[in-house]
Each structure stands twice: as C-alpha cells, then as structure tokens.
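Enquirer: One-letter residues, chain by chain:
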Amino acid sequence: MRFFLWIIFFITGCSNSNISGTGANVQDKSTIYKAKVSQYSSENGYRANGFATGSEISSLESVIYFEYDSAIVSSEYDELLLGVSTYLINNPQVKIVLEGHTDERGTREYNLALGEERANSVLKQLNILGVSRQQMSSLSFGEENPSALGIENDILALNRRVEIIF
Amino acid sequence: MFLVLKKNYLGLVFLLVLVSFSPSKSRAMESLTIKIDEGTIRALSLGIVPIKETFATNVFDIVADNLRLSGRFDIFNQADITSNPTKFEDVNFKSWRIFGVENILVGDIKSDNDGYKLVVELIDILRQTRIFREEYLLRENSERAIAHSLSNAIYKQLIGKVGCYNTKIAYVVVSKVDSSRSYSIIISDYDGYNSQEILNSRHPILSLAWSRRGKKIAYVSFESGRSLIYVQDLKNGERKKIAYGDGIMGAPEFSLDDNSIIFTASISGNIDLYKYNLIENKFTRLTKSEAIETEASLSPDGNTIIFTSNRSGGTQIFKMDNKPFSTPQRVTYGLSGFNANPVYSPSGDKFSFVTNVKGSYQVVVSDLEQQQQRLISNGKFDESPSFASNGDMIVFSSKNGTRSELIIKSTEGLDAETRIFLPNSSLIEPSWGPAVE
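Chains as they are written, first to last, in the working numbering: chain A, 1 to 166; chain B, 1001 to 1437.
Hints may be right or wrong, so weigh each one.
Here chain A is said to cover these stretches of chain B; the calculated rule only asks that three of the stretch's residues, wherever they fall, bring their Cβ under 8 Å from a Cβ of chain A [what the hints assert, rightly or not]:
(1) 1056-1066
(2) 1109-1120
(3) 1204-1216
(4) 1244-1256
Treat the hints as calculated values from the structure; they're not laboratory data.
The structure presented is a predicted model; accordingly, all values stated were derived computationally and were not measured.
For every residue, glycine included, the Cβ atom is placed at its ideal position computed from N, Cα and C.
All chains, full assembly: derive it from the sequences and hints.
Expert: Shown next as structure tokens:
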C-alpha cells in the first residue's frame, strides 16, 4: 500500500449560512445556527502565556504541587497548610477557593476529575486542621489553565497544583 | 491456534510483496505490523478514469481521496491509464486486467432538460459487469456533496458497508486572541471542509458529544465559572444549561433515545457518574465510590456503560450494567498504568481508548475481549478518539509541538491519514457525528 498523507489547510469562521451551499447532501439542507454565550465575568478570559514565574509562585506560598496522577498532599506542605488553617480560623469571615489543576498528560475529562480530587484533598486537610467547610470551596480546571507552557518535566510539575485563592 | 498461524502466514506473504515493490523498507515494516494483526484487510485496486471537465475532475479527485483514506482502496495511478472509456460499452477489460485493476469508475457529463448531469458507472473488470450507474445533477458548489455521495455508493458496493463520507465532525478550536484564549465549537464535513462555528467563548470548552440523531450537541463549558454541561440545539442555536452538584460536571454522553445524558458530577468531592433525564428534569446517580468515575460511553445496545476510574489505584477502564449502582468490572490490565477515555464503536464490537506507552499518550483500538489491540497513533499527546458512524474510521487529536491537530484514519491503523489543522490554533476534542438521512 502506498503511503498517503493528505493535508488540508482550511479557514474557519465561515458565515453562518454557507453550510447550505452544498445541495446534494441531505444533511446540508438544514441550516445550523450559532448560539451566543453570556460570559460570567467581564475579565478578558484566561491569559494565555500569562503564567507566573517560578519565583513569583514560591513567594506566594499558597500553591501545593502534586506527583503525576496523584491527589495525595505531600507532608512537605504540612507547615503551609497549618499557616493557612491558622489564618482562616482566626479570620472566619475569609473565604478561600481551592483551585485544582493538572498537567496536560492524560485525557481532559480525567484531568478535570483529578483537579477536583486534588482540590478536595487540600480541602479535607484544612478541614481536619479545623477550618470550617463554609470558608472553603473547590474548583477544578483540569488541564485547561496551565500556569506554565511546555512539555518538559519541570514545567509539567508546575502545572500539577492546587492554588489557594484568598 | 490455526487461525493465528494462518493470519501470520498471510502477513508474511504480504510483506514479501511489499518489499519487492515498496521504495522504503521502513514503510513495509509499518505495514507488516498491521497486516499481521489483521491479515484479512486487502486493498481493492480501483481505477478512476479521468474526465476532461473541471467539475467532474474535482468530483473524481475527492472520491479518490475519500476512498484512499479508508485504507481499503488502492487507487490506480492515473498516469498509467492508457484508455479513457466514459461508459461500460467502451471498456477494454483486458487492458485493465493486465494491471490487476479489479474495478473502474468511469463517467461523463451529459445534458438534458433538467440541466447538466454527471453520469458515472462502477464497473467490475473481472466479472465484466456494470455494478451501478448513477446520475448527479450539477449545481454550483456541489462537487464535494456529489463526491461524498458517490464515495458512499462505491464503498457500499465494494466493501459492503455504509460509507461515512457524508457525515460531519465537531471539534473545538483554541486560538490566542491578544493575551487571552478564544474557544470555538466548529462543525464541518468529515474531511474538514465546510466548517462553521456554532459557539464562541473566552472560557474553556471540552467534551463535545453528538446526540444520536445529530440534532443536538452537548459539551462542557466554563463560561459560568465552573465546568457545566450545555446542550445546544443545532437547528435554532438554543442552549440548555445543566447544573448539578457542587464541583465539576463533565463527560456528557447521550442515551440511545437522546432523552437522557450520562455525565460526571462531583458532590462534596465525590466524583461519580449520573444520568439526567432532559424531559423529566430528573437526576439519577449511577456509581458510588470514593474514586474518580468519568468518561462514560454507552454501548450501542444501551446495556453497558464503559468508563474511566482510578478505583483500583492506577487509572483504568471499567464497565458496568447501565443500572444504578451495578458492580463495575475492570476491563483494562497490563498494557499500561494509564488507560482512559474509552469509547464504544458504533456496532459495539470494538472500543477505543487512550493509553500511556512509555510516557506517550496514544490511541488504541481494541476488540472487547482485547485479543486484538492496535495502537493506531504514534504521537506524544494523542487523545479524544471518536469513531465514524460506520466504525471504519476514527478521528482523534494529536499535539504536534505546541498546537494540536486532528487526525482521521482507518481503525485498522493503515497508513493513510488526513490531518486537519490551523497554523496558529489548536484543534481539540473531535467528535464524529452520526449518520443522518
């Protein structure tokens, strides 16, 4: 069998109605309509490439990093979590969001779940340390919002994280 | 045992043939692995006789590309064609048989009261019979639609299965706009042409799922601040938001009747599978465990759900009866510590999933018993496999450098493939639409 590779460049963003241009295809007779999204905030979406540098992250001290495909919080974060829990217990009006993220390895939906699992691991630890559940909520972005771009191991490691957002 | 030996034998014969004709030894080796696995797939030699008319030439070129992509056709080199018959009566069968051509496609442009027509005939060279004669009325910009219909007709006659050339795919395009990202849902012909945007958002979109009848698409969008499921009607663009639980929602999959959606939700950190009835507005929990359960795919008979779970430690594929709290059975072992995103083939005899092979994430097509597993991709980050409606082809996304593209190829893992990409955007989360009449 001859090897065959067929490459297509194409332009997206055609007008909404041109799908009916090919008449003989039954499917093409129906026009497909575009929906509108109402965005939840006026922010400019997520910043592409707008990731924090390594030094910025370490100065924040509110990021917990994870091993590959793991939601286990390493004991090296005991001190960090103790500090966060003490602050939250002393400031019961403060609420935090635990934002779980993964690196891009593995499937997107699995990573969405893994990010949730990571956020909940941290949530449970803080709860054990005495933080009220009412002060914490979890959120997962899976692999959709990396803090660093690249496939090198040290960059992937930066993305496997839970960010504590005050 | 005998069967296995026979298959190996066939593969060996094929290798010898390839080595004597193929200019590249490595290419022959690639084909060898495929042939040993399957043994029975043999490309049919089809001659497509050129017509000296632009419209007809375009149609025949698209037909050639379509059929080649299936991996089941060896299109006879047009440069070697010495005679140009336009109908059955003019065919010199001997001249084709010498080259081993088994079937030929001929055609001509004719005009009558209705206008211009492309009249084509598919001819069996060995039996010297006309397999079919079809007429297509020419209209502006109808080359692709005619070519896809004709490809389906040829595929049906020569392969014996319904073609998937008039189906559509949906996918997400991620582009950088200024300093932010833009996410679009695109629907296009299966081969990437006639693309149309049905949604644009500044927040991530993933997990596109076609309804079984092709009228709706469900997906996950972060536009409300967390991942929620939306069901969008393709006829009028109306959207229904589904919100459940206090954490993530994801991985929508339509039921056979399109009235329900199986999905993943998280409640107090427990990530499980649920079902939502769109008509009765009712939620039903399907799994109960501390572990992750996600990426559900429903078997075509509706009886079994296959899904990803880390309940056994690693990330593996499980299946369970399509009833609340039935006991899951582990499906994948051995091959890798990470097997995820299982999807049933439309006939339910195969499934595809993503596996981690020495750090690379690649797409596998397997029979249900996993006696014949085949890696059909060779990238570093390949994911989101989705079968064509006839099960003969598959689409998945493949990351090439920093951007992802779509790859469409035969589920037999044959060499032929189509790559669909945009220079400065990523194309992800492809989902092959159903056959719709």
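Enquirer: Each of the hints needs a verdict: does it hold here or not?
Expert: Taking the hints in turn, this is what the structure says about them:
1. 1056-1066: violated (count 1)
2. 1109-1120: It is violated, with 0 qualifying residues against the three required.
3. 1204-1216: With 4 residues close enough to chain A, the hint holds.
4. 1244-1256: It holds: at least three residues are needed, and the stretch 1244-1256 of chain B offers 5 whose Cβ sits within less than 8 Å of chain A.
Checked against the numbered hints given earlier, the structure breaks hints 1, 2 and satisfies all the rest.
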